[in-house]
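Asker: Spelled out from the first residue to the last, the chains are:
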Amino acid sequence: DPKIIQKPKYLVAVTGSEKILICEQYLGHNAMYWYRQSAKKPLEFMFSYSYQKLMDNQTASSRFQPQSSKKNHLDLQITALKPDDSATYFCASSQTGENYAEQFFGPGTRLTVL
Amino acid sequence: SQLAEENLWALSVHEGESVTVNCSYKTSITALQWYRQKSGEGPAQLILIRSNEREKRNGRLRATLDTSSQSSSLSITATRCEDTAVYFCATDPTGGNNKLTFGQGTVLSVIP
Numbered sequence: 001d002p003k004i005i006q007k008p009k010y011l012v013a014v015t016g017s018e019k020i021l022i023c024e025q026y027l028g029h030n031a032m033y034w035y036r037q038s039a040k041k042p043l044e045f046m047f048s049y050s051y052q053k054l055m056d057n058q059t060a061s062s063r064f065q066p067q068s069s070k071k072n073h074l075d076l077q078i079t080a081l082k083p084d085d086s087a088t089y090f091c092a093s094s095q096t097g098e099n100y101a102e103q104f105f106g107p108g109t110r111l112t113v114l
Numbered sequence: 115s116q117l118a119e120e121n122l123w124a125l126s127v128h129e130g131e132s133v134t135v136n137c138s139y140k141t142s143i144t145a146l147q148w149y150r151q152k153s154g155e156g157p158a159q160l161i162l163i164r165s166n167e168r169e170k171r172n173g174r175l176r177a178t179l180d181t182s183s184q185s186s187s188l189s190i191t192a193t194r195c196e197d198t199a200v201y202f203c204a205t206d207p208t209g210g211n212n213k214l215t216f217g218q219g220t221v222l223s224v225i226p
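Going down the list, the sequences are from chains W and G.
Numbering of the first sequence is given in the working numbering, commencing with residue 1 and proceeding in unit increments.
Numbering of the second sequence is given in the working numbering, commencing with residue 115 and proceeding in unit increments.
Rather than coming from a laboratory, the hints here were simulated on the basis of the structure.
Model, not experiment: these values are computed from the prediction.
By construction, the Cβ of each residue, glycine as well, lies at the ideal position given by its N, Cα and C atoms.
Treat each hint with caution, since some may be false.
Derived DMTMM-like pairs (lysine to aspartate or glutamate); straight-line CA-CA distance at most 25 Å [to be verified]:
1. K213(G) to D84(W)
2. K41(W) to D197(G)
3. K71(W) to E44(W)
4. K213(G) to E44(W)
5. K152(G) to D75(W)
6. K152(G) to D85(W)
Estimated spans, in silico, between C-beta atoms of each pair [said to hold, decoys possible]:
7. R174(G) to G16(W): 43 to 53 Å
8. Y51(W) to T144(G): 16 to 26 Å
9. S189(G) to K9(W): 30 to 40 Å
10. G154(G) to E18(W): 23 to 33 Å
11. K53(W) to T144(G): 21 to 31 Å
Partner residues aside, some chain W positions facing chain G, computed with beta carbon under 10 Å [claimed, not checked]:
12. I4
13. P8
14. P42
15. E44
16. F45
17. S50
18. L54
19. S94
20. Q103
21. G108
Construct the entire structure; sequences and hints are all you get.
Answerer: Here's what the structure looks like:
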């Protein structure tokens, strides 16, 4: 059974619209993350959460808002979508309190903004 | 700017051969991680090597770390077709190894 679920796998949106990317992990981890991977850039760290609290935000734009409704959920809301937002978004999780803890990545959501 | 980067964009080897992927980084680190990403999947950690370690092994994988030259290598012996993937090195500039900075990746193709 998949340990980290990301939905949907593929997403197409029009410029200016809003979408929510879903992430659920069943590894019992307390830390969750979002990363973005686009064709032009390496995998980029976006956010980290620990016990449902924001720990680090490396995303300059407020159009990206993580939402944690449950301990094992960390969704990503993206508003006013732009074509440059087209990328694959990966959710990851790790054990809180462990330095050097291995991060486990989900399969990703590929977002295309037209 | 990239804090970690692999030195070659693409490599191909024949099955059974050995291969080495190299990585250089620009800041002091407490640990460096190697990840592999197969097509259509998320990255998966292969090896984590701490700054006080010079070598770490995991099955057919061997990672080295040279903090004086700020470089690392990942060697794979007896390659298999399923080793075909993109290999990344990753570091956390804050030292906690939670906010990972990835390199561009080296595409490895293992030819049957």
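Asker: If a hint holds in the structure, say so; if it does not, say that too.
Answerer: How the hints compare with the structure:
no., hint, result
1, K213(G) to D84(W), "holds, 23 Å"
2, K41(W) to D197(G), "holds, 23 Å"
3, K71(W) to E44(W), "holds, 23 Å"
4, K213(G) to E44(W), "holds, 9 Å"
5, K152(G) to D75(W), "holds, 24 Å"
6, K152(G) to D85(W), "holds, 23 Å"
7, R174(G) to G16(W): 43 to 53 Å, "holds, 49 Å"
8, Y51(W) to T144(G): 16 to 26 Å, "holds, 23 Å"
9, S189(G) to K9(W): 30 to 40 Å, "holds, 34 Å"
10, G154(G) to E18(W): 23 to 33 Å, "holds, 26 Å"
11, K53(W) to T144(G): 21 to 31 Å, "holds, 23 Å"
12, I4, "holds, 8 Å"
13, P8, "violated, 14 Å"
14, P42, "holds, 5 Å"
15, E44, "holds, 8 Å"
16, F45, "holds, 5 Å"
17, S50, "holds, 8 Å"
18, L54, "violated, 12 Å"
19, S94, "holds, 7 Å"
20, Q103, "holds, 7 Å"
21, G108, "holds, 5 Å"
Consistency note: the structure conflicts with the earlier hints numbered 13 and 18.
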